[in-house]
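Asks: Chains as they are written, first to last, in numbering that gives the first Met the number 0: chain A, 0 to 381; chain B, 0 to 257; chain C, 0 to 304.
Think of the hints as simulated: they come from the structure by calculation, not from any bench. Check before you lean on any hint, since a few could be wrong.
Simulated restraints, written as ranges between beta carbons of each label pair [what the hints assert, rightly or not]:
| # | chain 1 | residue 1 | chain 2 | residue 2 | range |
| --- | --- | --- | --- | --- | --- |
| 1 | B | 251 | C | 99 | 24 to 34 Å |
| 2 | C | 101 | A | 19 | 35 to 45 Å |
| 3 | C | 174 | B | 145 | 49 to 59 Å |
| 4 | C | 101 | B | 131 | 54 to 64 Å |
| 5 | C | 174 | B | 231 | 30 to 40 Å |
| 6 | A | 375 | C | 101 | 48 to 58 Å |
| 7 | A | 42 | B | 139 | 37 to 47 Å |
| 8 | A | 159 | B | 72 | 48 to 58 Å |
| 9 | C | 99 | B | 131 | 48 to 58 Å |
| 10 | B | 8 | A | 159 | 37 to 47 Å |
| 11 | B | 154 | A | 41 | 54 to 64 Å |
Note that the coordinates shown come from a computational prediction; the quantities given were computed from them, not determined experimentally. The beta-carbon is built from N, C-alpha and C at its ideal position, and this holds for glycine as well.
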Amino acid sequence: MRNVILRVKERFVSISVIFVTAIFLTVFLLVEDELSFTVLMLVGGGLFYFVKRRDCFKEVIVFARQSRYGFLICIFLALLTVLIILRNEHFALFMIASVALYSTVCFGLTIQLGYAGLTNFAGAAFFGVGGYAIAVLSSENFPDILSVLTGGFMAALVGSVLILPILRTRGHYAALVTIAFALLFKTFLELNDTLGGPQGLKISSMNMFGWDFGKSFFGGSFYLNYVLFSLLVMVSIFTLTRLLEKSWIGLHWDALRIDEISSASFGINISSWKILAFTLGNFFIGLSGALYAKMLGHIAPTNFTFGDSLILISIVILGGIGNPWGVIPAAFLIIVLPEKLQFIQEYRLLLFALLVILVLLYRPDGLFKKALRSFYRGWGKV
Amino acid sequence: MGNSLLNSQGLTVKFGGLTALSDLNFSLEKGELLGLIGPNGSGKTTCFNTITGIYRQAAGTTSLLGKDITGFTPQQIYKCGITRTFQRLRLAVALSVFDNLLIGDSSSLNTNLFFNLFQRSKLKQEIEKKINKVKKIISVFNPALVDKLYEPVSKLSMIDRRRIEVCRALISDPKVLLLDEPSAGMTQEETRDFMNDLHEIKTKSPDLGIILIEHEMNVIESVTDRCIVLSYGKKISEGSFKDVSRNPSVRTAYLGED
Amino acid sequence: MLLGSLDQYLINGLVLGVIYAMVAVGFTLFFGVLNVIKFSHGDVLMAGAFAALIAYISLQNFVSISIWMMVVITTTFAFAAMALFGAIVARFLVLPLRGAPPLNTLLITLMLGLAVREAVRLFYPNGSNPKPFPKLLPDTDIFIFGLEIRHDSLIIIFGGLAAICFLHLLIKKTRLGLSIQAVAQDSETARLMGINFQKIVLGTFALGSGLAALAGVLNGLYYNEINFSMGLLLGVVGFSSAVVGGLGSILGAIIGGFLFALLQTIGAIWFEVPAYKDVFAFVVIIAVMAWRPTGLLAETKSDRV
Ligand SMILES: Nc1ncnc2c1ncn2[C@@H]1O[C@H](COP(=O)(O)OP(=O)(O)OP(=O)(O)O)[C@@H](O)[C@H]1O
Ligand SMILES: [Mg+2]
Numbered sequence: 000m001r002n003v004i005l006r007v008k009e010r011f012v013s014i015s016v017i018f019v020t021a022i023f024l025t026v027f028l029l030v031e032d033e034l035s036f037t038v039l040m041l042v043g044g045g046l047f048y049f050v051k052r053r054d055c056f057k058e059v060i061v062f063a064r065q066s067r068y069g070f071l072i073c074i075f076l077a078l079l080t081v082l083i084i085l086r087n088e089h090f091a092l093f094m095i096a097s098v099a100l101y102s103t104v105c106f107g108l109t110i111q112l113g114y115a116g117l118t119n120f121a122g123a124a125f126f127g128v129g130g131y132a133i134a135v136l137s138s139e140n141f142p143d144i145l146s147v148l149t150g151g152f153m154a155a156l157v158g159s160v161l162i163l164p165i166l167r168t169r170g171h172y173a174a175l176v177t178i179a180f181a182l183l184f185k186t187f188l189e190l191n192d193t194l195g196g197p198q199g200l201k202i203s204s205m206n207m208f209g210w211d212f213g214k215s216f217f218g219g220s221f222y223l224n225y226v227l228f229s230l231l232v233m234v235s236i237f238t239l240t241r242l243l244e245k246s247w248i249g250l251h252w253d254a255l256r257i258d259e260i261s262s263a264s265f266g267i268n269i270s271s272w273k274i275l276a277f278t279l280g281n282f283f284i285g286l287s288g289a290l291y292a293k294m295l296g297h298i299a300p301t302n303f304t305f306g307d308s309l310i311l312i313s314i315v316i317l318g319g320i321g322n323p324w325g326v327i328p329a330a331f332l333i334i335v336l337p338e339k340l341q342f343i344q345e346y347r348l349l350l351f352a353l354l355v356i357l358v359l360l361y362r363p364d365g366l367f368k369k370a371l372r373s374f375y376r377g378w379g380k381v
Numbered sequence: 000m001g002n003s004l005l006n007s008q009g010l011t012v013k014f015g016g017l018t019a020l021s022d023l024n025f026s027l028e029k030g031e032l033l034g035l036i037g038p039n040g041s042g043k044t045t046c047f048n049t050i051t052g053i054y055r056q057a058a059g060t061t062s063l064l065g066k067d068i069t070g071f072t073p074q075q076i077y078k079c080g081i082t083r084t085f086q087r088l089r090l091a092v093a094l095s096v097f098d099n100l101l102i103g104d105s106s107s108l109n110t111n112l113f114f115n116l117f118q119r120s121k122l123k124q125e126i127e128k129k130i131n132k133v134k135k136i137i138s139v140f141n142p143a144l145v146d147k148l149y150e151p152v153s154k155l156s157m158i159d160r161r162r163i164e165v166c167r168a169l170i171s172d173p174k175v176l177l178l179d180e181p182s183a184g185m186t187q188e189e190t191r192d193f194m195n196d197l198h199e200i201k202t203k204s205p206d207l208g209i210i211l212i213e214h215e216m217n218v219i220e221s222v223t224d225r226c227i228v229l230s231y232g233k234k235i236s237e238g239s240f241k242d243v244s245r246n247p248s249v250r251t252a253y254l255g256e257d
Numbered sequence: 000m001l002l003g004s005l006d007q008y009l010i011n012g013l014v015l016g017v018i019y020a021m022v023a024v025g026f027t028l029f030f031g032v033l034n035v036i037k038f039s040h041g042d043v044l045m046a047g048a049f050a051a052l053i054a055y056i057s058l059q060n061f062v063s064i065s066i067w068m069m070v071v072i073t074t075t076f077a078f079a080a081m082a083l084f085g086a087i088v089a090r091f092l093v094l095p096l097r098g099a100p101p102l103n104t105l106l107i108t109l110m111l112g113l114a115v116r117e118a119v120r121l122f123y124p125n126g127s128n129p130k131p132f133p134k135l136l137p138d139t140d141i142f143i144f145g146l147e148i149r150h151d152s153l154i155i156i157f158g159g160l161a162a163i164c165f166l167h168l169l170i171k172k173t174r175l176g177l178s179i180q181a182v183a184q185d186s187e188t189a190r191l192m193g194i195n196f197q198k199i200v201l202g203t204f205a206l207g208s209g210l211a212a213l214a215g216v217l218n219g220l221y222y223n224e225i226n227f228s229m230g231l232l233l234g235v236v237g238f239s240s241a242v243v244g245g246l247g248s249i250l251g252a253i254i255g256g257f258l259f260a261l262l263q264t265i266g267a268i269w270f271e272v273p274a275y276k277d278v279f280a281f282v283v284i285i286a287v288m289a290w291r292p293t294g295l296l297a298e299t300k301s302d303r304v
């Protein structure tokens with residue numbers, strides 16, 4: 000017991016940074032009028048500066064490295080606090096679930112773009128494939144958990160149609176193939192009457208092993224169901240993504256992304272690794288698309304335009320290409336900020352485009368530079 | 000002829016109107032160190048690129064230990080046991096030294112998805128084995144590099160990068176090693192060290208056949224068993240360095256018309 | 000299921016082919032000198048059309064000039080504005096990323112395209128709706144070889160072809176053109192021979208972007224309507240045409256452009272739903288790309304190793 004108290008004392012700074020961040024984000028999600036929002040941003044900026052000046056972030060990283068379980072418990076408690084405070088706030092909870100699901104999509108894109116170097120500019124289209132798959136299945140009395148998985152499988156399957164031209168063509172023609180697909184996908188949806196045409200489809204709420212997502216969760220908003228499940232999905236897929244990166248598979252992807260010719264000269268089968276990355280990435284994207292559609296309760300072609308694909312790519316670039324850690328804050332910024340600042344809502348695509356251009360020019364590593372691969376904990380320590 | 004290690008007959012490569020290699024015949028025996036020399040643009044690198052399946056030949060065949068490997072993909076050729084270094088280094092400078100060396104050993108890695116994701120303790124054992132293997136190889140060239148195993152290649156000096164390239168080609172224990180100007184950019188002293196390292200490699204794996212492209216003639220003189228001279232894609236001379244260097248047409252090729 | 004007469008399909012296909020070819024030539028030029036793919040190219044075309052529209056509206060209110068003068072002035076303005084824009088983009092967005100992975104150039108131009116599109120939508124008055132483009136060309140019919148052709152279509156086809164030929168001559172005959180060829184062949188050697196690399200790159204980008212602006216104007220003159228998102232599809236079409244022809248070859252780009260228009264025309268005759276013509280054209284083009292990754296014309300070139 001004394002030991003624990005001592006540890007907590009030692010970690011006081013890190014723990015308070017984590018909790019202050021959590022509280023700040025909570026207030027951020029709650030604030031509605033623009034004046035308070037401005038004040039909040041100023042306070043946040045000040046806090047950030049203060050924390051950064053005293054190198055507290057580094058301490059948090061040290062904390063995470065040295066005692067993983069302590070760190071995870073701390074994050075878990077902080078999250079729990081946030082959710083308890085927000086338990087009745089529909090919109091804030093919806094935002095959290097959206098950030099979780101968009102982050103998951105971007106883990107898929109990270110595998111494709113960041114690991115294997117495959118340019119997929121049809122992210123929103125694969126997201127939509129997952130959504131439409133579940134929309135069709137939920138009118139068929141299919142178990143929901145299987146439909147969510149089917150959403151992922153469908154996205155992977157549709158992606159496999161594109162894989163041949165992507166593999167055959169050199170360089171960044173893959174970009175062209177996916178853009179053409181993204182543009183045609185929307186046309187296809189709008190023309191297809193069985194998929195509801197421009198109006199789209201309605202979707203029943205999620206129900207899994209008797210867990211009814213449409214009902215209030217222990218007295219809180221029904222969105223809590225979705226938040227918890229989305230966070231679960233996000234954490235699982237994040238873990239898978241990181242494990243892939245820290246394995247021989249990640250090594251092969253890095254090698255062929257950086258230099259196809261030298262990889263080929265050392266026996267690496269470029270095509271099969273690209274197929275794996277593309278399929279796996281699309282599976283993750285479709286899976287989150289299915290969940291997102293379930294949460295939204297309806298689905299229409301306007302959610303899956305080329306512009307939406309570009310937003311997804313922006314998140315990946317902003318977070319630091321190939322760094323799944325950076326994706327989460329970047330997704331938060333890109334998803335929540337326009338909702339909070341209504342006056343930028345209209346300008347958001349323009350602002351994001353300019354922001355990404357600046358990032359690519361002056362900080363190509365994004366928010367967080369991707370670290371060297373460490374295969375396991377304690378890697379590189381003698 | 001049947002038991003020579005590597006054998007090429009009538010190798011011809013064209014780029015549009017340019018014939019970069021024409022009707023090249025050569026063979027490499029087990030344990031031999033063959034020098035490939037010739038002025039700039041004479042087709043030496045093209046020869047390597049063709050043997051390793053990166054360029055496509057217009058005509059000619061190549062065989063390894065009597066097995067025809069003409070038209071194989073680079074991957075297949077690597078698996079047959081031919082590895083190389085590149086004239087303009089092709090390391091992944093953003094990755095660590097360890098990662099780069101392991102790329103050279105990719106076919107020995109277990110890439111099963113389940114194994115990589117969920118059998119992490121077994122994976123860790125495999126990785127630890129690889130660390131030992133890597134350390135053994137690089138300490139032959141430069142023991143100081145062992146401490147830099149976990150650093151990105153971008154932090155290494157040019158010389159060390161070249162060493163890493165050679166190690167990457169050696170780690171899979173190949174039958175044939177193709178070295179494309181490994182000493183470029185090294186001082187004379189460093190070149191000498193490097194050649195000593197080569198000797199060590201040769202004594203350790205006596206069956207390894209090496210083809211060395213090199214502009215430094217004293218290096219060629221001291222290490223090669225035999226030389227081939229190319230000029231404008233044609234073989235103009237072959238034999239020991241002494242014989243070759245006396246050949247008047249070789250002098251003409253190097254010094255110009257007169 | 001024919002909605003119009005066959006000659007209408009033919010003329011329409013030719014007009015589209017010329018416009019696509021003009022866009023594709025731009026892609027080919029940029030790729031030639033700098034090995035980059037500029038994804039904002041289609042949006043430059045759109046911006047060029049809007050620049051012409053702005054010029055037209057401002058002139059119309061102040062001076063009374065003949066309609067032909069109007070065509071010349073608006074077109075020149077669009078060309079100049081986009082040429083300048085192209086050079087600026089090359090200088091400040093593309094050249095600084097030369098050392099970075101090629102992916103970054105692709106991403107930055109993709110985002111630039113989005114920015115241009117959004118800027119027009121947001122800042123052009125009522126920009127999210129389609130805008131009428133003035134009918135500056137006579138739309139009376141004439142008969143050639145028994146074909147019924149409108150004057151404006153004819154002018155557009157020949158105007159576009161003339162622009163492409165002019166560009167071709169420029170590249171084959173002038174000093175600037177020779178330097179562009181030299182840089183495209185081998186930029187290192189060209190630099191050693193004293194060619195001002197940056198100047199040539201800027202010049203090429205200006206030229207390609209100006210050509211796209213012309214294509215935008217022609218497109219506007221043909222449909223008498225423009226909108227902020229028209230460049231997206233045109234850009235992708237132009238890029239595919241360039242790739243199918245063989246990136247780097249001007250003749251290939253022209254053939255690619257006409258091929259795409261031909262496919263669309265066949266699609267339009269074949270399918271009842273108009274939107275399927277694009278699906279058809281893209282599917283065929285992508286299949287051709289998968290069949291011949293280096294394009295129909297370009298010789299199979301291996302990267303230098
Ligand atoms: N991918 C390619 N495309 C077109 N021409 C090429 C290509 N690769 C090589 N060449 C040409 O083939 C000829 C031989 O080049 P190669 O690189 O084999 O010469 P080299 O003997 O290695 O010269 P160096 O000593 O300078 O390395 C040169 O004229 C070169 O320009
Ligand atoms: Mg060479």
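Asks: State for each hint whether it applies.
Replies: Status of each hint after checking the structure:
no., hint, result
1, 251(B) x 99(C): 24 to 34 Å, "violated, 45 Å"
2, 101(C) x 19(A): 35 to 45 Å, "holds, 42 Å"
3, 174(C) x 145(B): 49 to 59 Å, "holds, 57 Å"
4, 101(C) x 131(B): 54 to 64 Å, "violated, 38 Å"
5, 174(C) x 231(B): 30 to 40 Å, "holds, 32 Å"
6, 375(A) x 101(C): 48 to 58 Å, "violated, 33 Å"
7, 42(A) x 139(B): 37 to 47 Å, "violated, 60 Å"
8, 159(A) x 72(B): 48 to 58 Å, "violated, 23 Å"
9, 99(C) x 131(B): 48 to 58 Å, "violated, 37 Å"
10, 8(B) x 159(A): 37 to 47 Å, "holds, 42 Å"
11, 154(B) x 41(A): 54 to 64 Å, "violated, 41 Å"
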